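Got chain V; can you put chain A on it based on the hints?
Protein sequence lines correspond, in order, to chains V and A. Start counting the first sequence at 342; every next residue gets the next number (this note's numbering). Start counting the second sequence at 342; every next residue gets the next number (this note's numbering).
Just so you know, these hints were derived from the structure itself, not from any lab. This one's a predicted model, so the numbers in the text were calculated from it and none came from an experiment. One should not assume that every hint holds.
No distinction is drawn between identical chains; accordingly, a pair holds when it is met within one copy or between any pair of copies.
EDC-like mimics (lysine to aspartate or glutamate), calculated; alpha carbons at most 20 Å apart, straight line [unchecked claim]: (1) K410 - E506; (2) K465 - E385; (3) K498 - E430; (4) K498 - E344; (5) K397 - E506; (6) K410 - E344; (7) K360 - D408; (8) K360 - E426; (9) K498 - E426; (10) K410 - E426; (11) K361 - E506.
The residues making up each chain are set out below.
2 protein chains.
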Amino acid sequence: MNEVMESLLSRRSTRAYMKKQVPLDLTLQVVEVGRYAPNGMHQEPWHFTVIRSWEKICALDFAVGGDGKGGSFYQAPTLVIVSIEEGNEFALQDTACAMTNMMQAAHSLGLSSVWCNRISRMSKDYASFGVPAGYVPKAVLALGYGAVPSAGTWHVKEDTVTIVE
Amino acid sequence: MNEVMESLLSRRSTRAYMKKQVPLDLTLQVVEVGRYAPNGMHQEPWHFTVIRSWEKICALDFAVGGDGKGGSFYQAPTLVIVSIEEGNEFALQDTACAMTNMMQAAHSLGLSSVWCNRISRMSKDYASFGVPAGYVPKAVLALGYGAVPSAGTWHVKEDTVTIVE
Numbered sequence: 342m343n344e345v346m347e348s349l350l351s352r353r354s355t356r357a358y359m360k361k362q363v364p365l366d367l368t369l370q371v372v373e374v375g376r377y378a379p380n381g382m383h384q385e386p387w388h389f390t391v392i393r394s395w396e397k398i399c400a401l402d403f404a405v406g407g408d409g410k411g412g413s414f415y416q417a418p419t420l421v422i423v424s425i426e427e428g429n430e431f432a433l434q435d436t437a438c439a440m441t442n443m444m445q446a447a448h449s450l451g452l453s454s455v456w457c458n459r460i461s462r463m464s465k466d467y468a469s470f471g472v473p474a475g476y477v478p479k480a481v482l483a484l485g486y487g488a489v490p491s492a493g494t495w496h497v498k499e500d501t502v503t504i505v506e
Numbered sequence: 342m343n344e345v346m347e348s349l350l351s352r353r354s355t356r357a358y359m360k361k362q363v364p365l366d367l368t369l370q371v372v373e374v375g376r377y378a379p380n381g382m383h384q385e386p387w388h389f390t391v392i393r394s395w396e397k398i399c400a401l402d403f404a405v406g407g408d409g410k411g412g413s414f415y416q417a418p419t420l421v422i423v424s425i426e427e428g429n430e431f432a433l434q435d436t437a438c439a440m441t442n443m444m445q446a447a448h449s450l451g452l453s454s455v456w457c458n459r460i461s462r463m464s465k466d467y468a469s470f471g472v473p474a475g476y477v478p479k480a481v482l483a484l485g486y487g488a489v490p491s492a493g494t495w496h497v498k499e500d501t502v503t504i505v506e
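Isolated chain V, as found in the complex:
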């Protein structure tokens, strides 16, 4: 099996992180892969906001309905908010393409990650979290070094494939 296939099949979400910060250059490599994700009609309607300030992460946790201690993002030390231009018809799909690419990139760089969805509960105070005007946050990638061992064997649902010859 080639390295890419091995990586695609071995990525898992991580929900506990060390406090150790991710170097900015590694995070930017992850984001770069998000920028190269497939997207509808090649409109690239996205904006990526990297948050490395623990104070801001706690404030964002509070803004999405958490207790302000980072729990909505599993206390990860770096977040990447994916925002999409308001009204874009492929908003959810493009968000997911960018998120999937970034999760894969993180895995290949020895980082752990998980998609956090509570951002949809956020009030409209997007600007104070580095989201440009005209964009709506759609997903948050929590990024860091995993504090728990990999889940190991993973079972996926059976009978999910039909072949029409």
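Same frame as chain V, now just chain A:
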């Protein structure tokens, strides 16, 4: 740069295919990576239908509003329909995660692919195309050997990243 990052950054969509069929085992490797894609609440609400019959591909083209000659799918010799359980709240995101993973797997295996979206125009005759009852087709992956050289250098939109330290 590691092989996975290189692969993630070099994948491009392909819209012209050779007639040469993709071996079924390679296609199933691609689909396997779709089955391991990240998905909301780990519900795995998807079903993958591999269509290798040219007659069926042309019939599907007609069903989605094409002229029945395969043009909606760029005349690719193999299609993978991603369907999602009716009513699933993460339908679009999970579809996109599976599609992104499969496009990446295809690229790593020397195959070309593109996301085809016209499936949303299809009437409800899903069963004749191998979609199980209770599932709704959300996207089609066209899969094959590219008939055109890679687009080469690729420009992505500037000013799409903000850093909050």
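Hint check:
For a Cα distance limit of 20 Å, the shortest separation of K410 from E506 across copies, 18 Å, qualifies, whereas the shortest one inside one copy, 54 Å, does not. Proximity of K465 to E385 under the C-alpha cut-off of 20 Å is found in neither arrangement, the shortest distances being 22 Å within a copy and 31 Å between copies. In the homo-oligomer, the alpha carbons of K498 and E430 lie at most 20 Å apart only across protomers (18 Å), although the nearest pairing inside one protomer, at 30 Å, exceeds that limit. In this assembly of identical chains, K498 and E344 lie within 20 Å of each other by CA distance neither inside one copy nor across copies; the values are 24 Å within and 29 Å between.
When the C-alpha separation of K397 and E506 is checked against a cutoff of 20 Å, the pair qualifies only between copies, where the shortest distance is 9 Å, while the shortest distance within a copy is 54 Å. Taking identical chains as interchangeable, the C-alpha atoms of K410 and E344 are never at most 20 Å apart, the minima being 37 Å within one chain and 37 Å between chains. Taking CA atoms no more than 20 Å apart as the test, K360 paired with D408 passes inside one copy only; the shortest distance there is 19 Å, against 57 Å between copies. Proximity of K360 to E426 under the C-alpha cut-off of 20 Å is found in neither arrangement, the shortest distances being 32 Å within a copy and 39 Å between copies.
Taking the shortest alpha-carbon separations for K498 and E426, only the inter-copy value of 13 Å comes in at or below 20 Å, while the best intra-copy value is 35 Å. When the C-alpha separation of K410 and E426 is checked against a cutoff of 20 Å, the pair qualifies neither within a copy, at 29 Å, nor between copies, at 35 Å. For the homomeric pair K361 and E506, the shortest alpha-carbon distance between copies (15 Å) is at most 20 Å, but the shortest distance inside one copy (51 Å) is not.
In this structure, the earlier hints numbered 2, 4, 6, 8, 10 are contradicted, and the remaining ones agree with it.
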